[in-house]
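Residue numbers (the working numbering): 1 to 218.
Honestly, the hints are just simulated from the structure, not real lab data. It is possible that part of the hints are untrue.
[Unchecked claim] Calculated pairs, DSS-like style, for lysine-lysine (alpha carbon to alpha carbon, straight line, at most 27 Å):
no., residue 1, residue 2
1, Lys-95, Lys-206
2, Lys-95, Lys-79
3, Lys-59, Lys-24
4, Lys-122, Lys-161
5, Lys-155, Lys-206
6, Lys-123, Lys-206
7, Lys-191, Lys-161
[To be verified] Here are the in silico distance ranges between beta carbons for each label pair:
no., residue 1, residue 2, range
8, Glu-134, Ala-170, 13 to 23 Å
9, Ser-118, Thr-76, 44 to 54 Å
10, Glu-190, Arg-64, 18 to 28 Å
11, Ala-54, Gln-197, 19 to 29 Å
12, Leu-200, Lys-157, 29 to 39 Å
13, Ala-108, Tyr-214, 36 to 46 Å
14, Arg-154, Ser-52, 20 to 30 Å
15, Glu-28, Ala-54, 41 to 51 Å
16, Asp-164, Glu-190, 45 to 55 Å
17, Arg-154, Glu-134, 18 to 28 Å
18, Glu-137, Ile-2, 40 to 50 Å
19, Trp-93, Lys-24, 22 to 32 Å
20, Trp-19, Ser-187, 18 to 28 Å
21, Gly-150, Lys-24, 32 to 42 Å
Backbone N, C-alpha and C define an ideal beta-carbon position, used for all residues, glycine too.
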Amino acid sequence: MISPFEFLEGLRDNNNREWFAMHKPEYEAIRQSWIADLQRLIDIMATEFDPSLAHVDAKSCLYRIYRDTRFSPDKTPYKTYFSALLSPAGRHWDKAAYYIHCGVDECALYGGVWCPPSPMLKKLRAAIVDNIDEFREIISDPELNRLYPGWYGRKLKTIPKGYDRNHPEAELLRLTEYGKEHILDRSFFEKSDWPEQAALTFRVLKPLMDFLNYSIDE
């Protein structure tokens, strides 16, 4: 069986339905291997530090390789990456979650909340301000900052409405997403123990994920 990256590179260079149809058996074999690895990762995470993932089926976490081209100027039909969102409800989740991206142009592990609707974002900002000591302790963890430096996502140019422009937490309040990113080399996914290594990396995010989801649910 060819490696996932060999397949994705071929797809990148031949992003059309004819090529994909010819290589569908290769894709299916790679997909089944990807699902098995994801299930192993989910089971490790559920057992060792995140019981909310218990009984989650890896297939429910997978994103399709088929692109939605209806409103995009790019009409190529396929993504050139494999991806999955790990949450108690699989990929259908709008709170803090773990995300895996394995592609020809980017490989990374992510965790946090992306594109939250306005009410949720306001709730998160209020929770951070009201519990700033706890939040600061979480995001000051040396291992978190080593593996996930800075914040991933968009931020406002100015402080959001309702907060003083000189607010001591202005930098945190300007964020419109609370996400963390751990960049990987593709060789990470070529190792047989990558699910075990990914679980170790995701584990560092757990206190932040708990804070975000508790704040959303409160």
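Going down the list of hints, with the structure as the test:
no., hint, in the structure
1, Lys-95 to Lys-206, "holds, 14 Å"
2, Lys-95 to Lys-79, "holds, 24 Å"
3, Lys-59 to Lys-24, "holds, 18 Å"
4, Lys-122 to Lys-161, "holds, 10 Å"
5, Lys-155 to Lys-206, "holds, 23 Å"
6, Lys-123 to Lys-206, "holds, 20 Å"
7, Lys-191 to Lys-161, "violated, 47 Å"
8, Glu-134 to Ala-170: 13 to 23 Å, "holds, 19 Å"
9, Ser-118 to Thr-76: 44 to 54 Å, "violated, 33 Å"
10, Glu-190 to Arg-64: 18 to 28 Å, "holds, 23 Å"
11, Ala-54 to Gln-197: 19 to 29 Å, "holds, 21 Å"
12, Leu-200 to Lys-157: 29 to 39 Å, "holds, 37 Å"
13, Ala-108 to Tyr-214: 36 to 46 Å, "violated, 25 Å"
14, Arg-154 to Ser-52: 20 to 30 Å, "holds, 27 Å"
15, Glu-28 to Ala-54: 41 to 51 Å, "violated, 28 Å"
16, Asp-164 to Glu-190: 45 to 55 Å, "holds, 50 Å"
17, Arg-154 to Glu-134: 18 to 28 Å, "holds, 24 Å"
18, Glu-137 to Ile-2: 40 to 50 Å, "holds, 46 Å"
19, Trp-93 to Lys-24: 22 to 32 Å, "holds, 29 Å"
20, Trp-19 to Ser-187: 18 to 28 Å, "holds, 26 Å"
21, Gly-150 to Lys-24: 32 to 42 Å, "holds, 40 Å"
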